[in-house]
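Number of protein chains: 2
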Amino acid sequence: MMSNLVPPHGGKLLPLLASGSQWENGIKEAEALLKVRLNSREVSDLIMLAMGAFSPLQGFMGKEDYQSVVAEMRLKSGLLWPIPITLSVSKEEAGKIKEGQRIALLNLDSDEIMASMLVQEKYTYDKRVEILKVFGTDDEQHPGVKKIYEQGEVYLGGPVKVFSEGGYPERFPEFARPAETRAIFTDKGWTTIAAFQTRNPLHRSHEYLTKIALEVCDGLLIHPIVGKLKAGDIPAEVRMECYKVLLDNYYPQDRVILKVYPMEMRYGGPREAILHAIIRQNFGCSHLIVGRDHAGVGSYYGPFDAQKIFDELSPGDLHIQPLKLDSTFWCQKCGSMASPKTCPHGDEDHLLISGTKLREMLTKGERPPEQFSRKEVMDILVKYYQGKIGSSR
Amino acid sequence: MMSNLVPPHGGKLLPLLASGSQWENGIKEAEALLKVRLNSREVSDLIMLAMGAFSPLQGFMGKEDYQSVVAEMRLKSGLLWPIPITLSVSKEEAGKIKEGQRIALLNLDSDEIMASMLVQEKYTYDKRVEILKVFGTDDEQHPGVKKIYEQGEVYLGGPVKVFSEGGYPERFPEFARPAETRAIFTDKGWTTIAAFQTRNPLHRSHEYLTKIALEVCDGLLIHPIVGKLKAGDIPAEVRMECYKVLLDNYYPQDRVILKVYPMEMRYGGPREAILHAIIRQNFGCSHLIVGRDHAGVGSYYGPFDAQKIFDELSPGDLHIQPLKLDSTFWCQKCGSMASPKTCPHGDEDHLLISGTKLREMLTKGERPPEQFSRKEVMDILVKYYQGKIGSSR
Numbered sequence: 004m005m006s007n008l009v010p011p012h013g014g015k016l017l018p019l020l021a022s023g024s025q026w027e028n029g030i031k032e033a034e035a036l037l038k039v040r041l042n043s044r045e046v047s048d049l050i051m052l053a054m055g056a057f058s059p060l061q062g063f064m065g066k067e068d069y070q071s072v073v074a075e076m077r078l079k080s081g082l083l084w085p086i087p088i089t090l091s092v093s094k095e096e097a098g099k100i101k102e103g104q105r106i107a108l109l110n111l112d113s114d115e116i117m118a119s120m121l122v123q124e125k126y127t128y129d130k131r132v133e134i135l136k137v138f139g140t141d142d143e144q145h146p147g148v149k150k151i152y153e154q155g156e157v158y159l160g161g162p163v164k165v166f167s168e169g170g171y172p173e174r175f176p177e178f179a180r181p182a183e184t185r186a187i188f189t190d191k192g193w194t195t196i197a198a199f200q201t202r203n204p205l206h207r208s209h210e211y212l213t214k215i216a217l218e219v220c221d222g223l224l225i226h227p228i229v230g231k232l233k234a235g236d237i238p239a240e241v242r243m244e245c246y247k248v249l250l251d252n253y254y255p256q257d258r259v260i261l262k263v264y265p266m267e268m269r270y271g272g273p274r275e276a277i278l279h280a281i282i283r284q285n286f287g288c289s290h291l292i293v294g295r296d297h298a299g300v301g302s303y304y305g306p307f308d309a310q311k312i313f314d315e316l317s318p319g320d321l322h323i324q325p326l327k328l329d330s331t332f333w334c335q336k337c338g339s340m341a342s343p344k345t346c347p348h349g350d351e352d353h354l355l356i357s358g359t360k361l362r363e364m365l366t367k368g369e370r371p372p373e374q375f376s377r378k379e380v381m382d383i384l385v386k387y388y389q390g391k392i393g394s395s396r
Numbered sequence: 004m005m006s007n008l009v010p011p012h013g014g015k016l017l018p019l020l021a022s023g024s025q026w027e028n029g030i031k032e033a034e035a036l037l038k039v040r041l042n043s044r045e046v047s048d049l050i051m052l053a054m055g056a057f058s059p060l061q062g063f064m065g066k067e068d069y070q071s072v073v074a075e076m077r078l079k080s081g082l083l084w085p086i087p088i089t090l091s092v093s094k095e096e097a098g099k100i101k102e103g104q105r106i107a108l109l110n111l112d113s114d115e116i117m118a119s120m121l122v123q124e125k126y127t128y129d130k131r132v133e134i135l136k137v138f139g140t141d142d143e144q145h146p147g148v149k150k151i152y153e154q155g156e157v158y159l160g161g162p163v164k165v166f167s168e169g170g171y172p173e174r175f176p177e178f179a180r181p182a183e184t185r186a187i188f189t190d191k192g193w194t195t196i197a198a199f200q201t202r203n204p205l206h207r208s209h210e211y212l213t214k215i216a217l218e219v220c221d222g223l224l225i226h227p228i229v230g231k232l233k234a235g236d237i238p239a240e241v242r243m244e245c246y247k248v249l250l251d252n253y254y255p256q257d258r259v260i261l262k263v264y265p266m267e268m269r270y271g272g273p274r275e276a277i278l279h280a281i282i283r284q285n286f287g288c289s290h291l292i293v294g295r296d297h298a299g300v301g302s303y304y305g306p307f308d309a310q311k312i313f314d315e316l317s318p319g320d321l322h323i324q325p326l327k328l329d330s331t332f333w334c335q336k337c338g339s340m341a342s343p344k345t346c347p348h349g350d351e352d353h354l355l356i357s358g359t360k361l362r363e364m365l366t367k368g369e370r371p372p373e374q375f376s377r378k379e380v381m382d383i384l385v386k387y388y389q390g391k392i393g394s395s396r
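Listed in order, the protein sequences are those of chains V and Y.
Take the first sequence: its letter number 370 is residue 373 in my numbering, and every next letter is one higher.
Take the second sequence: its letter number 83 is residue 86 in my numbering, and every next letter is one higher.
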C-alpha cells in the first residue's frame, strides 16, 4: 500500500534489533566480552535505538557528533539533533576499554546482556558545557541536570547491535516500534496524525488538546513515555489504566491509537520538544502537540520556549510540525473548555486546580468536578493515591 | 513592516476602484456611454473586482477564460479559478453593443453609474453546460442555477474601471478591502489567520469551529457574506448584531477581526468553496474553515464534497489551506462541543435542533438551551423572528 506518511528523520528507519542467527551469534559473542552496566536513561536510549525511534542514529554518539549536537543541535552531517545520546562510564572502567574493542551492555538491574557495541571512540567531555547548553541551567535540582552530574566521566561512542528491548514489549501490550505505527497509519489511510506526548494521566485539559488535534487531523496517537520518571510522577501502569478508560469512554475508537515508548524524560524543555518531534516523525506522525511548558519541569523554561524553538529551525529540518497550543481549562462563562487563545474571561471563571491540591483531594478520596477530570479517571487515581493499586516499580 | 502573509492569488492585489481625477474623468465619460443595468450578483461581483478581492481578475471574463473556467476550473493562463465571473445582457441589448465599445454599468435598482467597461468580447454561451459543470445539477430549484437560467443570453467580457462600491462601505462599518485586512494582520504580527465564511448567525456549533481555528492559528477573521442571499436567510444587519454580541462576550478581543464582504452566494458547494478560499487568500488569510456542506444548499452536494475538491488541486494552486472540519454539536456525555471526529456517543446524547424547529421556537419567543446557542444571540433572533427588528432590504 502506498504510504503518504512523513519520511523518517534522515530519510530511512534504521532499527538495530538483531534477530534470528544474528541474534544467537551476537549474544554468544557478547557473553565473552567485557561488560558495561547501563544506567536507566541509557537502557531506554538503547531500546529507542533498537526500535528505530532514534533513526538515523546507529549507536551512542562519537565525539564529533556529540560536540556538534551540544553546540549546534546538529549531527556533524548537519542533520537536526537536539540532545546527545551517550553512553558514560567511569574513568576506571574506561581504563579497561580500548578503542576498537567490542563490549557487552548490561541492563540496569540484571545480568541480561542487552547489546554489544563496537567502541570506536572513548572521550572525556565537559559536563558543565553539556548541561548548560542542553538544559539552559546548571541547577542540580533539575532532574535532567542531576543525572548528567551523577553519570561517568567518559563517553563511549560507537554502533550497537541490540538483543533485548528490556522487557518493555512484555510489560506493555501497547509497546510499538516506528515501523509498526507506520503500518497502522498506512492501513487506516491516515496522512495527518497528531502525536500527544504525555507523562501524566489525562485530565480534561489534556483531553481538550488532543481533541483539537483530532478535529484537524486524520488520527491521533496518544503516546505516553514509559521510561523511568522522576519521583512523584505517576507509574506507567496506573497511567495506562487511566488512558484506557478515557479512550474507551470519550474517544471514537477508530481514530485514536494508544501506544507507548520506552524513553526516559530528561525534562529538557525546548531541546527535548525537538527530540520528541524527531521521534514522532520516525513513528510516522505529521504533527506533535506542543502545549504550554512542554517537557519542562519547575520554572526553568518560559511557558512557550518549547514552541518558539521550532521557529528557529531551517525549512526541511523536520517533516513533522508542532501543533502549538496553550494551557487550557474549563471556563464557566464559556460553558466549555477553552484557552487564553479562545476565552476572554478571567481566572475567576476558570476551573483551576493545582497538582498539589489535586493530589490532596484524591488522597482523601475526594474528586474534583467532572469539568476538571473524568470520573472514570478519578476513580483510578483515588485508588492509586490511597495505595490500593500501582506499587511502584 | 515585513509581512509574512500568504501572497494574493496570482501574486498581486489588483483593486480596480478609481479615485481622484481618474474617478472624476471616468464618471464624466461614463455618463455619455450606453448603459447596461447589472443584476444583483453582477453588482456584488463588480464590487469584489473593485476591492481586489477577485485579484488577479481585471474585469468580467472573456470567452477563453470563461470556457476554461467552466471546463477546467482554470483561467486560460492556468491559474486556478472555479466559477465564471460574468456580465450577461439580453440578445436585444447585445445587438446595440459592438466589440471595442465602452459602456457604463448601472446599479441594480438606481441610476447610479457604478463602472465603465471596455467590451472586448461579446459572446453567446451554453447555459446548461455552465450550470452542469459549475453546480453539478441543472435543477432550477437550486438558487444558483435559477439565476443563470434567468440571466441574459450573451456575455460581455472586458476590463472595468469602478466608481462605486454600491453603498456597502456606508452600510457596513465592517466593510474592508483585502489591502486593509492585510494591513491589520501585518500590524498584529499574525502569520496564520483562519477565515470563517458565514451567511448565518453563529450558534455554538459555529463558535466551536472558529474556536478550533483560534486554538491553532494566530488570529481569526469572521467574514460574513453580505451580498444578496436567498429567501429565508437572515438579513445581514440582523446577523451583524448577532456576530457583535457574540464577539463582545465570548471571544478575546485582540485575536478576532469581524469584517464583511459584498459577494452574493451562488450556493455552488465545492466550486464555491474554492472561490471562497481564493478570496480569503486575497484578504491575507492562511486558512479557510471548510465545514460540512460548505456553501451548499439542499442536498445537491455530498457533505464533504467541498473538502474533497481541495485534494484534487495541484501544489501551488493555492497558498491558503482548507481547515477541514466536521459538523459539530453539544454532546451531553462528553460535556462539551464535539464532532463525529472526537465523540463516540450517539445522536441520543447530542443536542440537535433543525433550522425549521429553531425558527418555530424563536418565533414563539422560546429559546433553545444555552449549549445550542448563546442567550445574547437568541435574544436578537427572537426579536427578529417576532418582526421587531430587521425589515428586509
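Everything labelled a hint here was simulated from the structure, so no lab data went into it.
None of the values given here were measured: they were computed from a predicted structure.
Among these hints, one or two may not hold up.
Each pair may be met inside one copy or between any two copies, as identical chains are not told apart.
[Said to hold, decoys possible] Below, in silico cross-link-like pairs of lysine to aspartate or glutamate (EDC-like), each with a Cα-Cα straight-line distance of 20 angstroms or less:
{"#": "1", "residue 1": "Lys231", "residue 2": "Glu153"}
{"#": "2", "residue 1": "Lys360", "residue 2": "Asp142"}
{"#": "3", "residue 1": "Lys336", "residue 2": "Glu373"}
{"#": "4", "residue 1": "Lys99", "residue 2": "Asp141"}
{"#": "5", "residue 1": "Lys378", "residue 2": "Glu32"}
{"#": "6", "residue 1": "Lys66", "residue 2": "Asp350"}
{"#": "7", "residue 1": "Lys136", "residue 2": "Glu173"}
{"#": "8", "residue 1": "Lys336", "residue 2": "Glu379"}
{"#": "9", "residue 1": "Lys38", "residue 2": "Asp129"}
Comparing the hints with the structure gives:
1. Lys231 x Glu153: Classified as within: same-chain Cα gap 16 angstroms, cross-chain 72 angstroms, threshold 20 angstroms.
2. Lys360 x Asp142: Answer is neither: 26 angstroms inside a copy and 63 angstroms across each miss the 20 angstroms cutoff.
3. Lys336 x Glu373: both (16 angstroms within a copy, 11 angstroms between copies)
4. Lys99 x Asp141: neither (31 angstroms within a copy, 85 angstroms between copies)
5. Lys378 x Glu32: neither (53 angstroms within a copy, 75 angstroms between copies)
6. Lys66 x Asp350: Result: close neither inside a copy nor across copies, 50 angstroms intra and 60 angstroms inter.
7. Lys136 x Glu173: Result: close neither inside a copy nor across copies, 37 angstroms intra and 58 angstroms inter.
8. Lys336 x Glu379: Close across copies (13 angstroms), not inside one copy (25 angstroms); limit 20 angstroms.
9. Lys38 x Asp129: neither (25 angstroms within a copy, 84 angstroms between copies)
Of the numbered hints stated above, those contradicted by the structure are hints 2, 4, 5, 6, 7 and 9, listed in ascending order.
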